[in-house]
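The listed protein sequences derive, respectively, from chains A and B.
According to this note's numbering, the first sequence is numbered sequentially starting from 131.
According to this note's numbering, the second sequence is numbered sequentially starting from 131.
Hints are supplied without guarantee of correctness; some may be wrong.
Which copy is meant is left open, so a pair is good if it fits within one copy or across any two.
[To be verified] Using 30 Å as the maximum straight-line C-alpha spacing, the simulated DSSO-like pairs for lysine-lysine come out as follows:
hint, residue 1, residue 2
1, Lys306, Lys260
2, Lys453, Lys246
3, Lys260, Lys352
4, Lys352, Lys484
5, Lys453, Lys260
6, Lys352, Lys453
7, Lys352, Lys496
Note that these hints are calculated values from the structure, not bench results.
Being a predicted model, the structure only gives us computed values, none of them experimental.
2 protein chains.
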Amino acid sequence: MTIPFSFELQACQDRARAGVFHTPHGDVLTPVFAPVGTQATVKAVTPTQLQELGASLILSNTYHLYLRPGDELVSDMGGLHLFMNWTGPILTDSGGFQVFSLADTRTIDDDGVTFKSHIDGSMHRFTPEKSIAVQENLGADIIMAFDECAPPTDRAYNERALARTHAWAERCFRVKARTDQALFGIVQGGIFLDLRKNSAEYIASLGFPGHAIGGLSVGETKAEMHAALDIVDLTLPNDKPRYLMGVGTPEDIINCVLRGVDMFDCVLPTRLARHHAALTRTGRLNLINATYTHDIHPIDEGCFCYTCQHFSRAYIRHLIMAKEMLSATLLSIHNIYTLIHLTDDLRQVILDNKLDGFVSNFFEEKARVANTDQSKTI
Amino acid sequence: MTIPFSFELQACQDRARAGVFHTPHGDVLTPVFAPVGTQATVKAVTPTQLQELGASLILSNTYHLYLRPGDELVSDMGGLHLFMNWTGPILTDSGGFQVFSLADTRTIDDDGVTFKSHIDGSMHRFTPEKSIAVQENLGADIIMAFDECAPPTDRAYNERALARTHAWAERCFRVKARTDQALFGIVQGGIFLDLRKNSAEYIASLGFPGHAIGGLSVGETKAEMHAALDIVDLTLPNDKPRYLMGVGTPEDIINCVLRGVDMFDCVLPTRLARHHAALTRTGRLNLINATYTHDIHPIDEGCFCYTCQHFSRAYIRHLIMAKEMLSATLLSIHNIYTLIHLTDDLRQVILDNKLDGFVSNFFEEKARVANTDQSKTI
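Pulled out of the complex, with its shape left as it was, chain A reads as follows (with noise of 0.2 Å):
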């Protein structure tokens, strides 16, 4: 019989790190990226697609799938691997960020939240309990802990909010049932310093096989998300991976790689491609641009992905200036490769030891650019 979750550190710089995590789907190499397919898809692109670009974990979300087309009906179909045709890695969150960001009116007590569709108006609950039969019915590999997101200044709700997402934790550490699945615990406590070493040092005593840190890249600045993630690090054990959520952008990835962090996901990539934008490690391009309306160039010189192989500036433009769907595939495969791709290169890096010049190299660049070149910041 073997272990269907385990994680190898194999190398670390100073506190970056390299591992595997190994699953029943497959190995998640890290430092990695997960592109998220919300709705049991990565908005616009084939699974061909984010298999050829480089995938190996995708995110799905639980509220979502939850509603529609219903967690019973996808367990009904095999499971979410099945149902969407991904045959690596799945993680799905727990629902509580959606809860209790998304919906139009919740209600909250100790055993957990009431709250509305926004799809139909009808009324849901989701406990603990509630939320790990859910996640057991789409059947992700990595699952995730119920938690309570709470605003990340406000002391007096973080105290309150830490305690229930510290009890919603061990219940859901005790409901879990199936073996081919992983727990995550998720570290909370907002810019508290204190509140984030009380929860993770919790967390990491219930004997999760990994941890995620939530409540981050909320609102806070970039300091208070740095120093919040300082004391987690120090606190987290190492030989389980860490899996900061709703991160981010290339320098955020890199700071928190710097930080240990081992895993991301983000809507960012799909997200602007939705709104024309290509992501590059040195900035950003708006394609709507009418300085791109003859640029034959590809969104990034240097890219491998197979927009920039085969396709011009001025034809991504033409496509949105259109309005044909196809901009939003192209884009969103640029740019789901670029964040891909960098936490390869980080990976690579950190296994040669060469991560310091990487990242000065990386600023420098960014720094260079932003200062010649203002057409490629929107």
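Model the placement of chain B on the given structure of chain A, informed by the hints.
Just chain B, lined up with the frame of chain A:
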């Protein structure tokens, strides 16, 4: 020196033909169905996906590309093949059909047509010479003479329009300069068999390397369309390819192959896809129907397209309900594949002298399904 264009008739069964049209960007094996990429993209699919599903020839629209991004820009970018990254053969229409049917206002005279852009209301003028100049800038392999598409049942209108179409065909023939493009003349004449015969004779006399048949499938009955094709088939020379513009459905394609047609194009497969409908040889499925909510089967059990090999009806219905772009991509792939593989099969049974059995099986199976499975029709 090689001759860039030539047509070989490889086999005939009754009036149905299997052949090969050699172009500078590759061979077109006929009968062939060309998907439509109006604005230099077949909607919702990448060139790679098109290639993988078996497309050889694609069509793009001169009117749309002239207005946006402009034929000169396309020329500056190296032509349509490089601009949209389609390495196979491309066909452009003359712009005539759109100018007559889509433009808000247009004024026609014997020299050409003045029309208003549907994009910004600006005024433009197409003449036969201008249409050829635009198509030479676009750079497709197969280009079309500028013609007037008249309402099919108005005799007096068709007589006037035909005189113009013939005069314009001669002007197009004279002005064409590029030797790496094949200019097709277009037979018009509405439903009037004497006009069709006269038109086929006149157009054939000019010595084009191929002939298009326009002004059909625009509101006349099937019997009228078939009668017009019958007379054109008898009149046009056998040694040139015949292209029926804007057709069609599986049954229309079969009925027209039986009447000597070699080439087809139609927006049907991609337009249906954006309206949630799947084409099969036996009917259509509208995947938005609740009956498919739990349907674990592919659209078509016997289909080998990417969509049918990897996704269930339930998943595609979920994508439609969730307004995810991927539904249009997956349905477009399936629908285009269906028509392309129908023409591939027709070609094979003509080569094998087994067309009769194939055609009777097709219509028997279609009738059987229509009688037993009402859910398959929309």
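Tested hints:
1. Lys306 - Lys260: within (10 Å within a copy, 71 Å between copies)
2. Lys453 - Lys246: between (33 Å within a copy, 20 Å between copies)
3. Lys260 - Lys352: Neither way: lysine 260 and lysine 352 sit 34 Å apart in one copy and 58 Å across, limit 30 Å.
4. Lys352 - Lys484: Only inside one copy: lysine 352 and lysine 484 sit 25 Å apart there, 72 Å across copies, limit 30 Å.
5. Lys453 - Lys260: between (41 Å within a copy, 27 Å between copies)
6. Lys352 - Lys453: neither (36 Å within a copy, 35 Å between copies)
7. Lys352 - Lys496: Answer is within: at 17 Å inside a copy they meet the 30 Å cutoff, but 64 Å across does not.
Of the numbered hints given earlier, the model fails hints 3, 6; all others are met.
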